[in-house]
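Under the working numbering, read the sequence shown as residues 380 to 706, first letter to last.
It is possible that some hints are incorrect.
[Unchecked claim] In the SDA-like style, the derived pairs of lysine to any residue whose C-alpha atoms are separated by at most 25 angstroms in a straight line are:
hint	residue 1	residue 2
1	596	439
2	634	675
3	696	598
4	601	629
5	596	507
6	696	576
7	601	586
8	558	402
9	654	543
10	702	542
11	423	556
12	476	553
13	654	679
14	503	629
15	601	417
16	690	546
17	696	663
18	689	674
19	654	693
20	409	423
21	601	590
22	629	639
23	571	528
24	601	397
25	409	503
26	504	582
27	558	669
28	601	423
These are computed hints drawn from the structure, not numbers from a lab. Bear in mind that the values here come from a model prediction, so they are computed numbers and not experimental data.
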Amino acid sequence: MSIERLEIETKPKFDPNHSELELNPDLPKKYARLLEAEIGHGFKVDGIIEIGSYAKGEAVPSSDIDTRVYASSPDFFIWQTSGSRHADSQQKVAEQKFSDFLQANSEKPRFTLDWFEFNDPTAKKLCAQLGINIEFGLADSRFAEYEIRDLNSMPSAEHQLLLESNLVIDPSGFLAKRKSEMEGIIYPPLVKLYQERYLDSLPFEIYTHLQSHEMDKWKLEKSRQIQWVKWAVRSIRDAVGAKSYMQHGKLIYRKEDVLTFCSASLTPEDVDLIKELYRWKTDPVIREQMVDDFLKNPEKYFVLFREYTKKLEDIVKQINNLKNLPE
């Protein structure tokens, strides 16, 4: 048997719900070792979760693998600058929470890693070494525990990130344990946060991508994804998840579950639009054709996106106004 044929036969079959990092048991261990070497300073990987398209059942073969890596060191607390486009106010809140955590744990200094200076070049290096398309964000395991313990008084992104994820590595079981402890609990600060962030209006990124943006070029090269489409699907997913959480303590986020919720709660016309958005994102053939056409004539799509944005505003309002959802 040739080496080429062996590689084809041993390579896991594509699964939109689980990345190759999850399906190949050797990859996560190698990934953790390589990342520990890149970070240095005594940091060890305590856990890894997949938080992107695979966890949502939305992946296509060109999708990158979005991971969140929990790490700790006996000498430092790690702080990761954000690679996303959070509003300044959100970023300041996150930084203040970490400062409060440091004050309560003053025996170790902060070790800061900048997303653009460390994560981007390191991810490219790891992609070449591992043979997979991967991205990562870092979190100090002890700070994550601190945030989860404080959810009754302070909201945290850790709640949604962990509950809407696939576990990749969790040797001590701390991620599975924290995930289990949070499931089904309605935290008042999170009700307020999810209402404001996901139900009161569409995310600002939807409007950002109603015209050409540098992020489109980068993401089209990396994962063949149009950013407006990504945020349109996410706006529906997050609105549905928020409404379900506020009434029943359960985040709905997987593609099939979101579509089931919408089919039971919205008009057939609105459901057809939502299904179309999901096809644009999750049907590999349609996605590739759309990307190729978008690259040739983006303005044609921006006109369509502006029309659909108005419809999305109305759909999210309808989701917000839903009462007495079935469990």
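Exercise. So which of those numbered hints doesn't the model satisfy?
Worked result: 2, 3, 4, 14, 16, 17, 26, 27 and 28
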